[in-house]
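**Student:** In this text, residue positions in the sequence shown follow our numbering: the first is 84, and each later residue adds one.
Be careful, since some hints might not be right.
Stated by the list, open to error - Listed below are the simulated DSS-like cross-link pairs for lysine-lysine, each with C-alpha atoms no more than 25 Å apart in a straight line: (1) K325 with K342; (2) K188 with K115; (3) K342 with K380; (4) K321 with K134; (5) K380 with K321; (6) K176 with K188; (7) K115 with K176; (8) K134 with K380.
If you're looking for bench data, these hints aren't it; they were derived computationally from the structure. Quick caveat, the model's predicted, so the values are computed rather than measured.
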Amino acid sequence: MVFLNDAFARITGYTVDDLTGRDFRTLFPPDKQEKFAEFIRKRLAGEPLPKIHETNLLRCDNSEIQVEAIGALISYQGAPADLIIVRDISERKRLEFSLLEALQKLKILTGITRHDIINDLNIITVSLDLVLDSDLRRDQQEYITNALTAGQTLKNTIEFTRECEDFGSLSSRWMDLISIVNAARSDVSLGDITADILISPDIEIFADPIIQKVFSTLFENSVRHGTTISAIWITTEKRGKKIIIVYADDGIGIPEEDKERIFQHGYGKNTGIGLYLVREFLSITGLTICETGESGKGARFEIVVPHGLFRFQKD
84 MVFLNDAFAR ITGYTVDDLT GRDFRTLFPP DKQEKFAEFI RKRLAGEPLP
134 KIHETNLLRC DNSEIQVEAI GALISYQGAP ADLIIVRDIS ERKRLEFSLL
184 EALQKLKILT GITRHDIIND LNIITVSLDL VLDSDLRRDQ QEYITNALTA
234 GQTLKNTIEF TRECEDFGSL SSRWMDLISI VNAARSDVSL GDITADILIS
284 PDIEIFADPI IQKVFSTLFE NSVRHGTTIS AIWITTEKRG KKIIIVYADD
334 GIGIPEEDKE RIFQHGYGKN TGIGLYLVRE FLSITGLTIC ETGESGKGAR
384 FEIVVPHGLF RFQKD
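Using the sequences provided together with the hints, build the complete structure.
**Tutor:** Structural data, given as structure tokens:
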């Protein structure tokens, strides 16, 4: 190390004089020393590498501290050098762990509660079905039918909480867009429907991992509602500082009057939560979705990824 500031020295517990001229590898745990040295060598050689890296540093008392390192290739006194900005993230990591622990406890509690409610609903439904099969007046049959419908609606609402359960339990991260879409594609049986995924392999987006379910839901809706559908296309296009992910099919499309209603909770022939959840999941991570297809010619969904939430791996 040929230059460092007081802030970096404080993070490690050393003084600037202690560290100046020292082999930087000695600040890493033994099992990470060669890996990080190789990382630096590759950057100095001009190889494309991630700019942000999380690792542990060894302090002067041999305790470890979690840091985020941002590196860039520069020229220092006429020679190539690696400039590294280090930030202490140990407190952030501690808070993240506490949050995940609390979310896990809440998930267990809601899972038990949901299971008990559904069991009771099943008992009610079976009992009402038995009553409905008996000799009843028309008005009594209507009352029982209404109760069964309400029970099914309540069951759908409980299932809605299951769909939401994992959202936010994992941290948002950079992910390959094409890997997300391919994984979602493998989740759904398309039958004879073809799916062309025409996405550049170097595009990454910053989002919650549950975004995979967004694309699974779109695939499922095409199969369920496309009627005449034979093909699906997923592409991307650049518009100004944004990237648009386009999901389109050649099914019957969506009527103009339904283009916004399909995103409302409770809309649809099934549970009505699919596209509602899609929009909610995307909006919380900073993305938006709208339907821009032409009725009779196929559905077309556009997902807008703002500047800062996408990148190209070669960058």
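**Student:** Against each hint, give a clear statement of whether it holds in the structure.
**Tutor:** Going through the hints against the structure:
1. K325 with K342: holds, 22 Å
2. K188 with K115: violated, 33 Å
3. K342 with K380: holds, 14 Å
4. K321 with K134: holds, 23 Å
5. K380 with K321: Holds, because 24 Å separates the two Cα atoms, which is no more than 25 Å.
6. K176 with K188: holds, 18 Å
7. K115 with K176: holds, 19 Å
8. K134 with K380: Measuring from Cα to Cα gives roughly 44 Å; hence the hint is violated.
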